[in-house]
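Residue numbers (the numbering used here), protein chains in the order written: chain V, 1 to 163; chain B, 1 to 282; chain E, 1 to 794.
Because the hints were derived from the structure by calculation, they are not lab data. A couple of the hints might just be wrong.
To be verified - Listed below are the simulated DSSO-like cross-link pairs for lysine-lysine, each with C-alpha atoms no more than 27 Å apart in a straight line: (1) V:K125 - B:K201; (2) E:K111 - E:K135; (3) V:K102 - E:K111.
As the list claims (entries may be wrong) - Incomplete in silico selection of chain V near chain B, CB under 7 Å: (4) A23; (5) T28; (6) E29; (7) G52; (8) N62; (9) R67; (10) H74; (11) E75; (12) S139; (13) G140.
To be verified - Cβ-to-Cβ under 10 Å is the rule here; a few derived chain B residues that face chain E: (14) A33; (15) G181; (16) G256; (17) S257; (18) R271.
Since the model is a prediction, treat every value here as computed from it, not as a measurement. Positions of the beta carbon are idealized from the N, C-alpha and C atoms, including for glycine.
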Amino acid sequence: MNWTNNMPARHGIELHINGETHAVFPKTEHTLLEVLRSQLFLTGTKRGCNQGVCGTCTVLRNGEPARACLTLAHECDDEEITTIEGLATEGKASLVQQALVKVSAPQCGFCMPGMALVATALLQKEPNPDQAEIREALSGNLCRCTGYVQIVEAIELAAKEAV
Amino acid sequence: MQYFRPATLEQALALLADDPDARCIAGGATLVAMMNADLVQPSALVSLKGISELRGIRATEDGVCIGAMTPHKVVANEDRLTGRLEVVRMAAGSIGHPPIRSVGTIGGSISHADPAADYPTALVAAEARIEIVSVHGRRVIPAHEFFISYYTTALESGELVVAVHLPTPSQDSVSVYRKVGRADGDFATASLAFCGSFANKQCISASVAVGGCGDTPVRSAEVNEMLVGSGPDSPRIAQAAEVLVETCDPIDDVRGSADYRRLLVRRLLPRIFAQASQKVAQ
Amino acid sequence: MTSIVPPSEHARSAEPDCDQRPVSIIGQSVTKIDGPAKVSGAAAYTDDLHRPRMLHAALLGSSYPHARILRCDTSAARALPGVRAVLTAEDIPAQNIGLSVLDEPILARGKTRYVGEPVAVVAAETVAIARAAVKLIEVEYEELLAVFDAEEAMLPGAPILHEDAEAYTRVIQSPFSGNTVAHIELETGNVDDVWAECDEIIEGDYIVPSIHPQYMETCGALAELDNSGKLIVWSSTQGVFSTQAAIATALQIPMSKVRCIAPAVGGGFGAKFGSVEPITAALCLATRRPVKLVLSRDEDMTTMRTRHAAKIHIKTGARADGTILCRDINIVMNGGGYADMSPIVLECSMLLAHGPYRIPNVRTIGRVAYTNRMRAGPFRGFGSMQSTFAGESQLDELASRLQIDPIELRIRNAMRSGDYHMGSYHIESCHLTDCLDKIRTDPAFVAAKAERIGPTGRKRGVGISSVTQQSGLFASSAAVRLSEDGTLVLNTGYVDIGTGSDTSLAQVCAETLGVDVDQVNVVMPDTDGLAYDFGTSADRASRGVSESVYRASLAVKEKLFQFASKMLECPPDCLELRFGGKVGIEGKPAAELPFSAIAQWGLYAHGGPIIGTHAYYMQEQLIDPELTRSVGFRMGGGVWFGYGATATQVEIDEDTGKVEVIAAWHAYDVGRVINPDGARGQVYGGIAQGISGALYEELIWDSGHLTNPTLMDYKIVGASEVPLKIHPLFLENPLPDSAYGAKGFAEPVIIGVAPAIANAVADAVGVRVRRLPITGERLLDALLHKHDQGGTKA
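Let the hints inform the model, and build the full structure from the sequences given.
Pasting the structure below:
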């Protein structure tokens, strides 16, 4: 028996990701994370807990950091989604990404996409954040390797270099 | 599982009336996490995203009205929530982390009715009223009647929260929200909310609620009465704290033991009372 | 013209502030090789890999902590459309695996020993179908009595987990019996003779719970077949060779038919020495299709590895002047359902349990038990974290009784270079007193110590802990090959799990051959590659693996000179390396050849490809049985010892008992810093991880069921909870016989944090908590009852 027969008909939606429009056919229960990773193969967005706690699935929904694992794909058809793959412009890493590399922030790297996106959103809203604001913005993204210190340094550096 | 995105409240209510196993999706922070963990299997999802009348904060003749789909972040930044209503703002700002606060909504949060969550405690102390609608009509009930037990509210099948009403804060009213968790952004081991007003350093009205210490936010008319007429140095505060502790019914869980929760309530009520009285001085 | 100073001269001439050596790649914050890929999202971890027609797998875990499997009916699961294979123990060879004792089946055979132990596995077209199929598997269990506490498990009459323990093959030979996986004793001098000489004797119990490593990337594997039918297994592992061996053993196939590769790995912390690879490989062989199995967070938290819970009883005796005469230590560890690396973790815990002090009489007895919990395995600190919490906490208690400053007490008893641990273990380099002094005199620490009250009126205090750890273990190797364009290929098999080893090893190679780091191609860890490595652990990259890389690079240099000498027609000892990948004649600037010319000469004219290799096994210590008496103590492989100190400043909320860490210091003699930005990153991370374990983390079981298998219920520190001020203080006393003098330091950063916090809490509010984590509840209880907080069960 064809295993696809038992799947209910799905209707297609358009997702606007990193400035491109993708036609996808998610089930109702498919999260944005699922669609990004398994249907669009944009694997930069990670699955660390699937419960909305670790933040490795961070994407930007209309510029705001959000958990892709807690976002249903169907809820996003009228939004601008930015994933980590969308930060670079024409292959050149963004200031935030360059700063993270410059201060040697990445260790295992699994949290980095989420951190980079949160940092990007923060600097867009607040070009000169102080340490407390930076740490507050990062508070929803867990890292087990770095102790966060060099990630904060990178954001301070990016803020300075953006001037 | 079907997915609907109704454009009006009427359409949403009709869908819910039609299918008792359908669930609303507000911000999704709680519902999608539960779906991911296979804890719920709704027959259909009714998205509230497209219903603009559910969003936003507006002034009404008797106070402030927060639309059910208003995200925590917006409530946390709302300047009109002053005095006794500041506690709602403080609670909203304590929920989870920034990305959760961008999508989580007040309607979704209170409908989930986790007594360790931040809103239920603050809304009970602030004497909020919850506006509920269904195809059969509209009703408004006090917050403390809305929360019935763990994850259980007064919502009947087909009903939906549309707004939270808060009474106009009086000039001299103040409020404090204090949450104790294991780590930043955690649910509360115990939380205390105080709303009230002072004159000449004496309390003239008080409304206290405790979170994380029972199956709903804990409140006590007796405690509120004992606080009225007291200043921060009054021995009645400690006595009130004892009554409050006795009214609580905490359990042991990963966030702490029942004994620790009682200790926190006993020790923190005098602190937040003192803090509130100092806010008046400012 | 620069010339490369041989490392031995580096070591002799280099003092910490010396500027004589030429600009060197060692000591530079070279950009991490994997940095750009990790920040762009391009770095591929195991779950990011995808193959056409790939199947997805899901596990069925046991419902009971201890049970016989009476019946397993997989027919309904097999019949579900989209399911391609369902495996139980019946479908694979009856062969156990294990890192010290071969006691572990990859799918439960006959009985299960912890809740969540894999009983069956499904491969299906989608994850959803695989998980649905798992729910259709019917298992009938006969529940057996279970035991969860280590001491209870070792009492007569306790339910026995491994009835066939006698028949197991043991890699590590330690005495065992019943549920006791290993019983080890280690002794020097005679403690019983000297109690009478002590002016002060102090005794107590210290309890450390099980915690989960919480690497951000959960365990997973993707198995596929290559053109010759050989298995290729990609996995989130820190040891491709031990993973390869486990797969081959479990499935009873030759290692020549198994290739194991590590893509990007999202953290390991010691706990990723093999996970679901054998099961995934079995599914691949059964279906002849690629199969991917990635654990969810709660699956990882219930089936993989915890840190060993431990109960440590220490009795210390000292003279009034602070001289410690003896320490009597008893360690009980909870090993969970399978032995994993428990005996080795126990040994490590025992060897250093008395601390880095000149104590002439030490007796340490250690036992690790099987219990019906998930297995405990290596985790950063490797046993030392537990024993250091006990020893260093008690040392402060002793200091208090003797009315001696805690730092002064440590300095008075500190070991020095040339001393011996436990009688026979030679310490080639120890600068502990310098590290303690470095913290003691640090202006920020001095200020913190004087600051008794914080800005909001809360009490503050400082505390310190000595840190010592053994580094090394087992074998490394390296192969360096020169490509015809003059760039280099470096193969070590060592997995960079986030420690930056790819970069630092490239730095070693680049430094030795005088090229830029970007000229070195660091090959992915791959068992098909030439070089073998035991696995990422114990600071091995900085010394053992570096040594291999250094000597393999020297072998390349030798070959370069050999060929160049013919090409330039001059003797090899007139040649020199010039920066930028060139070989020239000393004194003749114009006479030089680029590496590419030499390589091509070898490939196309004469001599052959230029390849350098080196295999390394550090010399084992010779034990004098007169000085060091032991039972069952083996200390596999060569090790070396590292020393340092950690200090913290805390602030206490006396209403709630909650502890906040305001600042931290970590002083360590690292020999030589290879990459400064990378090095301080390791300190920040280790301190944060240590704070997290000291204040928040505890796996909590109820009758064998984990009650907090989620990141919501099991908290780790976030960005707003790590102190703003963490001070890494690196001392550089280069080791004379180590490539560039580096000693390694990153693993032990975590070790002293918990005792430093416990000591700081005692300094701030005068109560002692002897059980981790120091939650608000525990401390408040101690404060209110004015008693010290201990515990009874591990």
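Verification of the supplied hints:
no. : hint            : result
1   : V:K125 - B:K201 : violated (41 Å)
2   : E:K111 - E:K135 : holds (20 Å)
3   : V:K102 - E:K111 : violated (53 Å)
4   : A23             : violated (17 Å)
5   : T28             : holds (4 Å)
6   : E29             : holds (6 Å)
7   : G52             : holds (5 Å)
8   : N62             : violated (9 Å)
9   : R67             : holds (6 Å)
10  : H74             : holds (5 Å)
11  : E75             : holds (6 Å)
12  : S139            : holds (5 Å)
13  : G140            : holds (3 Å)
14  : A33             : holds (8 Å)
15  : G181            : holds (9 Å)
16  : G256            : holds (5 Å)
17  : S257            : holds (6 Å)
18  : R271            : holds (6 Å)
In summary, the structure is inconsistent with hints 1, 3, 4, 8 from the numbered list given earlier, while agreeing with the others.
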